[in-house]
Amino acid sequence: MLVRVDKEADAIYLELSNEPIESSEEVSDEVILDYTADGRMVGIEILQASQKSHADTP
Numbered sequence: 004m005l006v007r008v009d010k011e012a013d014a015i016y017l018e019l020s021n022e023p024i025e026s027s028e029e030v031s032d033e034v035i036l037d038y039t040a041d042g043r044m045v046g047i048e049i050l051q052a053s054q055k056s057h058a059d060t061p
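Numbering-wise (the numbering used here), the sequence shown opens with residue 4 and increments by one.
It is possible that some hints are incorrect.
Now the in silico label distances, taken between C-beta atoms and shown as ranges [what the hints assert, rightly or not]: (1) 18 <-> 56: 17 to 23 Å; (2) 25 <-> 54: 15 to 21 Å; (3) 4 <-> 33: 29 to 35 Å; (4) 21 <-> 54: 25 to 31 Å; (5) 23 <-> 56: 14 to 20 Å; (6) 5 <-> 56: 18 to 24 Å.
Treat the hints as calculated values from the structure; they're not laboratory data.
Backbone N, C-alpha and C fix where the C-beta goes; we use that ideal spot for every residue, glycine too.
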């Protein structure tokens with residue numbers, strides 16, 4: 004698994020597999036799941052990540 008953080012876009016992407024993404028589905032407000040052609044999940048994108056975190060950040 005690979006975790007990518009884009010501070011400028013305020014987004015986090017959890018890459019579960021490097022397989023090609025065939026479709027995406029927004030499952031809740033600003034949380035998007037990416038799937039292969041046969042329906043396996045390959046990634047999770049969280050937008051506005053800093054607003055969804057409970058961690059204290061400097």
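Each hint, compared with the structure:
1. Taking the beta carbon of each, residue 18 and residue 56 are about 19 Å apart, inside 17 to 23 Å as hinted.
2. A hinted range of 15 to 21 Å is violated for the C-beta pair residue 25 and residue 54, which are about 29 Å apart.
3. The hinted window of 29 to 35 Å between residue 4 and residue 33 is violated, with their beta carbons roughly 21 Å apart.
4. Take residue 21 and residue 54: their Cβ atoms lie about 29 Å apart, and the range 25 to 31 Å holds.
5. Between residue 23 and residue 56 the beta carbon distance is about 30 Å. The supplied range of 14 to 20 Å is therefore violated.
6. Look at residue 5 against residue 56: about 19 Å separates their beta carbons, and that is inside 18 to 24 Å.
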